[in-house]
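> For the sequence shown, counting from 1, position 48 maps to 48 in UniProt numbering; every step adds exactly one.
Do not rely on the hints blindly, as some may be mistaken.
Distance ranges between label pairs, derived from CB positions [said to hold, decoys possible]:
#1 Ala96 with Leu116: 16 to 24 Å
#2 Pro57 with His85: 21 to 29 Å
#3 His85 with Phe49: 38 to 46 Å
#4 Phe37 with Asp86: 38 to 46 Å
In short, the hints are calculated from the structure, not lab data. It should be emphasised that the depicted structure is a prediction, and the values quoted were computed from it without experimental measurement. Even for Gly, the Cβ is constructed at its ideal location relative to N, Cα and C.
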Amino acid sequence: MEPELLEAELVLPAYFSFKKIQIYEKYPKGQSSAKRFKHLKQIIQAENFQNYPPDEPNYVNIESPPSMHPSKRICDITGYEAPYHDPRTKLRYANAGVFKVIRSLSNDYVQRYLALRNAAIVLR
Numbered sequence: 001m002e003p004e005l006l007e008a009e010l011v012l013p014a015y016f017s018f019k020k021i022q023i024y025e026k027y028p029k030g031q032s033s034a035k036r037f038k039h040l041k042q043i044i045q046a047e048n049f050q051n052y053p054p055d056e057p058n059y060v061n062i063e064s065p066p067s068m069h070p071s072k073r074i075c076d077i078t079g080y081e082a083p084y085h086d087p088r089t090k091l092r093y094a095n096a097g098v099f100k101v102i103r104s105l106s107n108d109y110v111q112r113y114l115a116l117r118n119a120a121i122v123l124r
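Taking the hints into account, I'd like the entire structure generated from these sequences.
Structure (structure tokens):
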């Protein structure tokens, strides 16, 4: 090799610390760049919870008290957060457009929506 090339290789390092690492160098083939979270079903299958004693707390037999926070009010039609409710039908709604839809519903459909959130009025 020529002497200039040898000197250049000795002076310049092969890796610069300020250079961004390429994604394929950081994560070799087969590894993901994002951390994957396991679902509860995957955790239960992997841990073999049926072999644990029944009095030991784990994901399967854990119990918690009811929440101290009030439940969120969700629009019965759209699923968005609902700051309003219709006093006539007792349905929750998110905006004026949904309110028009609620007022046009028949009583049968109103009762079905209320039954979905366990607030149905049983008429005898």
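> Hint by hint, note whether the structure agrees.
Results for each hint:
At roughly 22 Å, the beta carbons of Ala96 and Leu116 sit within the given window of 16 to 24 Å. Pro57 and His85 have their C-beta atoms about 39 Å apart, which leaves the hinted 21 to 29 Å range violated. Checked against the hint of 38 to 46 Å, the C-beta distance between His85 and Phe49 comes to roughly 42 Å, which is consistent with it. Range check, Phe37 to Asp86: about 39 Å between beta-carbon atoms, so the 38 to 46 Å window is met.
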